[in-house]
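S.K.: From just these sequences and the hints, can you work out the full model?
Sequences listed follow chains A and B, in order.
Going by this note's numbering, the first residue of the first sequence is number 1, and it counts up by one from there.
Going by this note's numbering, the first residue of the second sequence is number 1, and it counts up by one from there.
Any given hint could be a false lead.
[To be verified] In silico SDA-like pairs for lysine to any residue, Cα to Cα no more than 20 Å straight-line: (1) K209/A with E437/A; (2) K124/A with Q534/A; (3) K712/A with Y405/B; (4) K346/A with N379/A; (5) K196/B with G209/B; (6) K18/B with E287/B; (7) K347/A with H238/A; (8) K712/A with T407/B; (9) K52/A with P144/B; (10) K241/A with A373/A; (11) K173/A with S162/A; (12) K241/A with A386/A; (13) K52/A with T146/B; (14) K1025/A with P398/B; (15) K52/A with F141/B; (16) K346/A with S322/A; (17) K953/A with Q942/A; (18) K613/A with P398/B; (19) K347/A with E278/A; (20) K441/B with R190/B; (21) K578/A with G692/A; (22) K712/A with G66/B; (23) K578/A with V702/A; (24) K299/B with A311/B; (25) K124/A with G378/A; (26) K274/A with A752/A; (27) K645/A with T705/A; (28) K271/A with A992/A; (29) K52/A with Y143/B; (30) K52/A with N145/B.
Since the hints were made in silico from the structure, they are not lab data.
Letter by letter, the chains look like this.
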Amino acid sequence: MAEKKYWKGLEELNQAPESAQLTQPEFGEEIPVEFFDSNNDGLQSNRRDFLKMMGFSLTAATVAAGCEIPVKKVAPYIFKPEDVIPGIATWYASTFYNGGDYCSIIVKTREGRPIKIEGNRDSKVTKGGTSARVQASVLSLYDTARLRNPMVKGKRGHDNASWADIDKAIAGKLAANPNANIRIVSSTVISPSTKKVFAAFAEKYPNTKVYTYDALSYSGMLMANMASKGKSEIPDYHFEKAKVIVSIDADFLGTWISPIEFTKGYVATRKVTKEKPEMSRHYHFESRMSLTGSNADYRVAVAPSELGVVALNLLDAITGSSTAGGAKLKDEAKQARLKEAAEWLKKHRGESLVVSGCNDENVQLVVNAINDALNNYGNTITWDCANMLRQGSDASIKTLIGELKGGQVNILMVNDCNPVFDHPMGDQLAEAMAKAEMSVSFAGSMNETAANCTYICPDHHFLEAWNDAEPKRGLYSLSQPTIKNLFDTRQMQDSLLTWSGNAMTYHDFMVQNWVTGPLAGKADAMGAFNNALQIGLYQPENGNVIEAVVATLTAATEMAPATTDVSSAAANILGMAKKASGVEIQFYESIAIGDGRYADNPWLHELPDPVSKITWDNYLNVSPAYARENKIEHGDVVTVSVNGKEVKLPVAIQPGQANNTVSVAVGYGRTMVGRGVVGVGVNVYHLLDASGACVNYMAANVSITNTGENVKLAQTQTHFSLNDGLGQRRIVKETTLAEYKKSPNAGNEDRAEALAWKDITFYPDYFGKKNGFNWSMAIDLNSCVGCGACVISCNAENNIPIVGKNEVIRSREMHWMRIDRYYAGTEENPEVVYQPMLCQHCENAPCENVCPVGATNHSSEGFNQMAYNRCIGTRYCANNCPYKVRRFNWFDYGGADTFGTMNDAKETENRGLLEDLTRMVLNPDVTVRSRGVIEKCSFCVQRIQEAKLSAKKDNRELKDGEFRVACQSACPADAITFGNSYDDTSAVVSEAKDERTFGILEEFHWVPSIFYKTKVRNKDKADHKNEEALDIMDLYNYK
Amino acid sequence: MFVSPLREPLIQGHKTYKQISDDICAPVEAAPSKAWMIAVTLSGLLALTGFTMIGITITYGIGMWGLNKTVGWAWDITNFVWWIGIGHAGTLISAILLLFRQKWRTGVNRSAEAMTIFAVICAGLFPIIHMGRVWLAFFIFPYPNTRGPVWVNFNSPLLWDVFAISTYFTVSLVFWYTGLIPDLALVRDRTTSAFKKRMYNIFSFGWKGTAKNWQRFESISLVLAGLSTPLVLSVHTIVSFDFATSVIPGWHTTIFPPYFVAGAIFSGFAMVLTLMLVVRRVFNLQEYITLAHIESMNKVIILTGSIVGVAYITELFTAWYSGNQYEQYAFLNRSTGPYWWSYWGMMTCNVVSPQLFWIKKLRRNIVFTFFMSIFINVGMWFERFVIIVTSTHRDFIPSSWTMYYPTIVEIFIYLGTIGFFMTLFLIFAKVAPVIAVAEVKSILKTSGDQYTGPDAIHHNDDHHKH
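M.R.: Below is the structure:
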C-alpha cells in the first residue's frame, strides 16, 4: 500500500525545483574529517577549513611572534685544528696528583676543553678507580677564582704584574746573593723530575733547603717505620691479600694514604660468589664514624686515647706479652671483641693486615710489632714498591718558623701547600714570613699563605701542565697538558728553572730526564717515552730495580732498624691514655674537602658526606647519648674549647660516635677562596696541638657549651632507619656469610613471590620480545663502600647543577645519583648500609603514565626517558616516583638562560654554572636543563648512543662492556655492572640471575631495570642487627 | 502545586511580586555603600598581593615556594582541590536539587552558582601557575601541531582534569548566565539611568519577557540542568583520579571518587552558607533566605560530613586490612607523624563538629552555623593538605623523607585567591540580583508565608475543601 502523503502547498505537491532545494538540509555539507590525516595528499579545503586554518594560523603566528628568541653568535673554525673534530672527544692519558692524592687518569676533551676524567685501567696503582676528588678536579680548572697572572704585593693587597717584571725582580734578588738562605716549603712531591728541578735549583743556590710537610700528617708513621724498619717510608699495603683486616682508626677507604688503591684491594676480598663464598673479616676500632668504619664487619667505638690501648692489647693477645700492663677497654663487650679480633688475626698469620691512622709514633711502632708478629711483612705488607704519597715531616714547619723568626731565611718559596691556613702554627708562620726578605708563592689561586707572600707566581692547573709521578717506587705515570693554559700562568718548575738560569722548559727537562734516566737503556728512548706518555704510565715489570731518577733532597736514607722493642712506646701510650679525661675530640679529614685544598670546589662541597650526609659545612659530631645528656640538639651551635682555644661549631648528632667523644673535620673555613665557597664551615686547624714530635689530631679535656643558637645543617638525608616502626622495609637486603654459605639466596628468600608476578602484563609479548637492546644495571651492595665517586662523576658527565647550601637545606639538591645510607641496630654502634640510588628505569614506570604532555616516556631500549623540551613542569612524575629520584629545576640552576638568569636574589651559592668560564666544563652531549623542568638519570644515553654509532660505523654488533656509564666507570669498587639484558652472554644478565639479586620494591610490579645484590656481612648471626630500628629521631629537629 | 503542610514557608513577610522585585533589586539599584567600598578595596588589595606573588613565582621560578625533591605539590594543589570542591555547591543546587524538586534551592542557587564560577576560576589558576614553565601551558591541549604531531598523554589524570574542569566551568558559566538573563532584564526595566539601561540591555541579550522567551529559557535551563547533573559527580571524581591512579601510599585509594565528591559538596555548602549568612544580613534578605534554607543546607552538611567521616575511617581500616606496610605507615604517619595537627584538625573540623547539627537548635542557630561553615572550610583545606603533603613527604624510600614548609609567597597566593574570589563576588552582588528573582517568584504561591505555614492568610483551594 502506498504511503499516505500530506502536502503543505501546491509547490511541494507538484515538486517545483525551488521547493526541492528547500527540503535539503541547509548546512548539509560533508565535514572533511580526514583533513588532518597526513596520508591525504589531495587537500580538499572548503570555506570552513579555510576559516579554521586562518584562525589557527593567526593565533599560532601571534603566539610565535610574541616570543623573542635570543640571538646567539657562533664562531666557526676558519682554519680547523688538525686533531680536533667537532663532536668527537679526544682522550689523553694523564696523572692526577694533588697534595698526596694520586690517581692515574684519562681525560676526555671536547673541542679542546677537558670535560671529564676517567680512571686509567692500565695503572697498577689505581687500576681504573677514581675518587670524588679526582672526578671533581676538572671543575677547578674552570674556577673563576684562579689567578690570571703573576702578582706582586702592593700597599693594598696584590697588584697584577708581568712575568718579565717578576723574573727580573726574583732573578735579580737571587743573582745579588747566590748564597742566600732559600727555603722551599712544599707538600709531598712525587714527581722525580720536579725533585730534580729542586736539585738543580739547589745546585745553583747552595743554601737552598726543601721542607716537605703534609697538612694531614703521616709523620708518626714515617718515624715509626724509621725506628723499627729503618725506612722513613710508607710500605705497600696489599689489602687484596688480607683475610683479616684490623684497622685502628685508619680510614683507608676514604682518606688514608691511597684510598682508591686500597678500595680496589679491599673490595676484591669482599666479592662473594656461590662458587667462592669467602670474604675478608674486617674489624675496625675508632671513635668517630668513618667511611671505613661504617663498612666494617665489626666496628668498636673507642675513645681516641684508647686507640693505643687497643694496639697494645692486640699485641699482647697475639704475642702473649704484657705490654698493656693490664690496661683494657672500659667496656667489657668491646674488650671481648678486641680479643676476638686478635684470635682471628692469629688464625691468619701472613694473610692479615693491621693498620692504624694515628699520627703517633708510639702507636705505629706497636702496629708494626703486631704485623711483625703476624708475619705480615713480606706478605701483605711489602717494601719493594713503597708508597711515596706521604713524605712530609711535622718537624719541618716548626723548624721553618724558628728559622724565619731568627732571620735565617732570606727567600721563602711556597709550593702546593697552604701552611698559614692548615698548620696549627699558621698564625705564627704568617707573622714570621714577614721577616723573610722575599717570599714567593706558586699558588694557582689565592690562598691564606699566598696572601702573605711578596710574589705570587701562579702555577698551572694540573690539566694544563707537564709532569711525571712516582706514586709507588718503580711505578711511574705521566701528566700532559690537555688544554693550553687558560690564563697567564706558568708551571712552578718552569719558574724555578728560569730563576736558576736554565734555559730549558720543564717539558724538555723532563723528557731529557726520562731519556737519560729510566729509559736510558732503550734502543728508541724517545719512542719509549712517547709510548709511556700515550698510555700515561711507565710500569716496568722489574720496576723496583730501576734506580730512582734522582735522589730526593728530603728522601729517607736507609738505616739499620734502631729498635723492635715497644716497651717505651707502650709506656708513652699508657701515659697518654691515663692523662686523657673528660670529653675527647678528634680532628679528621673529610672525604670531600681533604686538608682544605678542595674547598674551592662546589661539586665537592655539595657532595654529601658519605656518613653524615651533610653538605657545605663542617660540624661537631657528638654521640646521641651525649646530646641527650647535655640537652644539645642537632644544629645547635656550641663553643668548643680545646687546648685553650675556642671555636663555635654546629653540632651534628652522629650515631656510632663513641660516647663522650666528639669529632670535627679540618679543612673548612677557608677565607681566601673563590666566591660562593668562602666562609663555608669553620677552621679548626689552630686547635691542633703541634708541640710534640708529631701533630696530634686528638685532644682530651674538651669543654663544650651550648650557645643557644641553632642553625640548619644542609643534610640530604634526614631519616636513617629502614624500620618505620612497623617493621623493616625490604629496600635493602642483607645476610651473613655463614647464612650465605648455607644458601645463596639467604636474606633474599622473599624474592620468589615478586618474581612469580614479574611477567604478568595486559600487553601481549610485552616481555617476550627480546631483540635489540634493553639496558639494565646491577649494583652489588657488598662492593659499594659509599665513597661518592659516582655522584661527582655523574655531576660532571650530565651537567648537573650546583644548588648551594640554602637549597640543600630546602631538600632541593639535584644529584641524579645519590647514595642512601641506613643504620640499624643500636645508636652507640649501628650497622651501616649504603645503597646507590638512581632512576630505576622501571618497565612499568609510574612516572610515565601521569605526565599530561608525555614528556617522560619509555624508549624502545628500556629507558625511562625525559624530553626536556616537552616538559612543562607539573612535577606529577616526581610525586609519583616511588624512588624519589626525579629532580626539578626550582630556579635557573643550570643557567639555561630561559629569561636571562633570574634566580631568587638571596641565593648566592648557586652561581657556579652561571659563569662563562665555569660553563666550559659542560658536556656538550648533554642538554643543560632550563628552569621549570624535571630531570633525572638517563642511563648516560649519550654514551650508549656513541657506542652504538661506532659499532654501526664498523658494521659490527655492540659488544658487552664496550662502554661504561659514568657512575660505573668512576667506581673504585667495581660495584656497578651495566649492559644489555637481552644479551644472554652479557655480564649484567649473569648478575641478574644471581641468587643475591633483587629489585627494590619489586613486589609492586614496576619492574625496575636496576638490580641490587644483597649485602653479606662477615659476622655472626647473633650480632646481625639489620632488623632493628634505630630510634634517634627524637634528637633531630626535622619535625 | 501541593505542598506538605509540614514544609516551612520559604518566603516570609507576605511578599507580593512587586515587593520581591523591589527587595532583591534594592542592593543593585542603590549607590555603593561605604561598607561595600571598604570590602571591595580590601579584597581587591589582597587579590593584588596574590597576583604580585604569582608574578614573583613566574619571574623567579617555583623555587619561591617551599616545595622540594620529595614534596612536589603542596599548597598549590591543596588550594586547587579546595577551590574546586567549593565550586561544587552551585551545580548541585541548580541541577541535582532541581531534580529532587527542592524548592529551597531558589533562594540560594544564584549566589551558589556565582560562587561556583568564581571558585572554579580560583581553582583553575593553580594548575596553571604550579607549572614550572607556565609559558608552555598550551602543551596540555591536544591541538594539531607540526612537531610530529606530538599529542598529549591521554593516560594522564592531569589531562583528564583539563577536560573535566574546562567543561565544568563552561557549563556552569552558561547555566549561571542563562539564569541571570531575565533578572538582568528586570534591572534594566526598573532602572532610570540611560547608561545602565543600555548596559543591562546588552547583557540581558534584549530579553523581552515574551512567552517565547520564557519557553526557550525553560528549555535551555532544562538542557543545562541535564548536562550539569553528571558533571557534579564527574569533576571531583576526576580530580580524585590525580591521586587515586598514582602509586603513592595514601594516594593510591579506590575510595577516592565518592569520598572526594561528598567532601566537595560538604565544603561547597559550607562556603555557600558563609556567603549567604553575610549576604542576607548585609542586603537585608532575611525574608528570602530564611532559617528554613539554612537548616536544609545544614542537613546536607550532616549527610556529606558523615560520608566523609566514614571514608576517613574506611581508609584507616583498609590500610590495616591490606597488610601493606607502606600503606599502613602512610596512615600511621598521618595521625602521629610531624603533620599530626593537620590530620586531627581535619578530623575535628570535618567529622566531629558537623555532628553537632543533629541538634535542631544548633542547626537553626545562625551564629553557630556561620562558625561551623568556616570550620568546615578549614577542615576541608586540611583534608587536601593531609592527602597531598603527608602522603608524599614520607613515602617508600626513607632516605628521601623530608619536611615541607610553606613560604610567604605561597601563603599570599592562597590568600590572594580568597581576595580575588571575594572581589568577584562583591562585584557580582552589586551588579546583579543575588537571588534569582524569577525563580523565587515561581515558588511564592506555594512557599510564601501568606500561603503556607502558621501565618498563612490565603489558603490553597484544595485546602479549603476540607
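S.K.: State for each hint whether it applies.
M.R.: Status of the hints after comparison with the structure:
1. K209/A with E437/A: Holds - the C-alpha atoms of E437/A and K209/A are around 16 Å apart, at most 20 Å.
2. K124/A with Q534/A: 16 Å, holds
3. K712/A with Y405/B: 14 Å, holds
4. K346/A with N379/A: With Cα atoms ~15 Å apart, K346/A and N379/A stay inside 20 Å; holds.
5. K196/B with G209/B: With a Cα-Cα distance of about 19 Å, the restraint between K196/B and G209/B holds, given a limit of 20 Å.
6. K18/B with E287/B: 14 Å, holds
7. K347/A with H238/A: 18 Å, holds
8. K712/A with T407/B: 17 Å, holds
9. K52/A with P144/B: 12 Å, holds
10. K241/A with A373/A: It holds: about 17 Å lies between the C-alpha atoms, which stays within 20 Å.
11. K173/A with S162/A: 17 Å, holds
12. K241/A with A386/A: Distance ~16 Å between K241/A and A386/A Cα, so the pair holds.
13. K52/A with T146/B: Roughly 16 Å separates the two Cα atoms, so the pair holds.
14. K1025/A with P398/B: Distance of about 18 Å is within 20 Å: holds.
15. K52/A with F141/B: 17 Å, holds
16. K346/A with S322/A: Given that 20 Å is the threshold and the Cα spacing comes to 17 Å, the pair holds.
17. K953/A with Q942/A: Holds, at about 16 Å.
18. K613/A with P398/B: 14 Å, holds
19. K347/A with E278/A: 15 Å, holds
20. K441/B with R190/B: Given that 20 Å is the threshold and the Cα spacing comes to 17 Å, the pair holds.
21. K578/A with G692/A: 17 Å, holds
22. K712/A with G66/B: 15 Å, holds
23. K578/A with V702/A: 16 Å, holds
24. K299/B with A311/B: 19 Å, holds
25. K124/A with G378/A: Holds: K124/A and G378/A sit about 19 Å apart, inside 20 Å.
26. K274/A with A752/A: 18 Å, holds
27. K645/A with T705/A: 13 Å, holds
28. K271/A with A992/A: 15 Å, holds
29. K52/A with Y143/B: Judged against 20 Å, a Cα distance of about 12 Å means the pair holds.
30. K52/A with N145/B: 14 Å, holds
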